[in-house]
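Participant: Letter by letter, the chains look like this.
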Amino acid sequence: MELTEEEIKTAKETSQNILENYTCTDRGKIIPVLQNIQNELGYVPLPAMQTVSDHFELPAVDIYSIVTFYNQFRLIPPGKNQVKVCMGTACHMRGGQIILDSWERRLDIKCGETTEDREFSLERVACVGCCTLAPVVVMNEEIHGKVTPTRVDGLLYSYQLDKEQEEGEEQEQKAGEENE
Amino acid sequence: MSKTVNLTIDDKQVSAQEGEMLLWVALENDIYIPHLCAMKDYTPYAACRLCFVEVEGKKAPVTSCTQPVYENMVVHTRSERVDELVKKGFELIMSNHHLDCKNCPGNKNCELQKIAKARKLPLKPKKLIQQVNEELPIDDSMDKIVYDPRKCVLCGKCITACKENGNGILNFAHRGIDRVITTFGNISLKEAGCLDCGACAEVCPVGARSIKE
Ligand code: SF4
Ligand code: SF4
Ligand code: FES
Ligand code: FES
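Chains as they are written, first to last, in the working numbering: chain U, 1 to 180; chain A, 1 to 213.
Bound-form chain U, shown alone (with noise of 0.2 Å):
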């Protein structure tokens, strides 16, 4: 996924800021780093860990390494509505990956990625800990429980409206404010 100029900006930004606390290159500090990095811009792109590996002098490959070890790190930037879909023993059991899949579909992205708007992204977890609601699908932190491919199209819908709505009232808003 190509990132926007502004994202790039931003990590680049936010790493070199970080860094400022750590003077020493003690290799110890790369995941704190990385950590900190991913708390604030919610990922950990490729700018950052170059930022990263000037400042540790190490080859950016290695840190790349370090973050794709880690299922804590991501790669590319969270959707604004993060879809997690369960693929425990129970979900996946009752047809999580057909859901995935749905997702899938639908968003015109795979497992992982994130819609080029940003609006949406994808990820497979493990267990939420409802296993007789399976198959479980969590969006940002809301839990919807015996998904079907109809309930993905439902789901999505409804935060398309949603989103319309939050739209339209924005609008109203600035066009109230210019009658005032």
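What the hints contain is simulated information worked out from the structure, not anything from laboratory work. Nothing here was measured: the structure is a model prediction, and the numbers come from that model. C-beta: ideal position from N, C-alpha, C; glycine also. There's no promise every hint is true.
[Said to hold, decoys possible] Cβ-Cβ distance ranges computed for the label pairs, FRET-style:
#1 A:165 / U:25: 19 to 25 Å
#2 A:128 / U:112: 22 to 28 Å
#3 U:174 / A:136: 49 to 55 Å
#4 U:26 / A:191: 26 to 32 Å
[Unchecked claim] Some, not all, of what chain A presents toward chain U, calculated at C-beta under 7 Å:
#5 126
#6 168
#7 172
#8 173
#9 174
#10 183
Got chain U; can you put chain A with the ligands on it based on the hints?
Facilitator: Just chain A with the ligands now, kept in the frame of chain U:
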């Protein structure tokens, strides 16, 4: 000055410098022990788990690439336990290997073929299903070297070679079944600043990194 020690490997009397790793002592004395990941003069990384031997007095087999030699050490390179470990380890490696010797640049100069022959093991896994990700693309971006990740056994040697002689552009990425050796951001060797020095192909024990014909 380190001192010379005497030891026995498979009933053969040999001498070596104290503290040397057993694997290299054996190999120098024409006693073959399967090995993929060890590099002489570098800290052993002990990942391939093929260089097991029995050392008298030790409860379990040890990896010879991490075992320093000492005075009066008695080593057996084969035992039921060792053979079982090597067989399992080798099968695991081969289950994630794109086996195609006929068309492989490594053919006849391949450590896998050598191990299979020395230990009478099949190259093709018997029990395990092949798990190779056939979609991994071959990197043919350089003039001299070529990289086929489907043949890589993840020994890690090319990483060290590239750091020492090349541009330090290689490392592991991802984990588990997805583990590969790649460049920063998974770009081509050319884009990553490969020098085409061939140091990686030199150390690659299989046909994964090779010099073009
Ligand atoms: S790397 Fe070795 S075992 Fe694998 S295909 Fe090539 S020659 Fe055969
Ligand atoms: S490419 Fe060759 S040297 Fe590098 S890790 Fe794979 S098998 Fe080892
Ligand atoms: S397996 Fe999905 S909630 Fe437990
Ligand atoms: S050579 Fe000893 S573990 Fe690979």
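Participant: When the hints from earlier in the document are held up against this structure, which numbers fail?
Facilitator: Checked against the structure, the only hint that fails is number 5, while the rest are satisfied.
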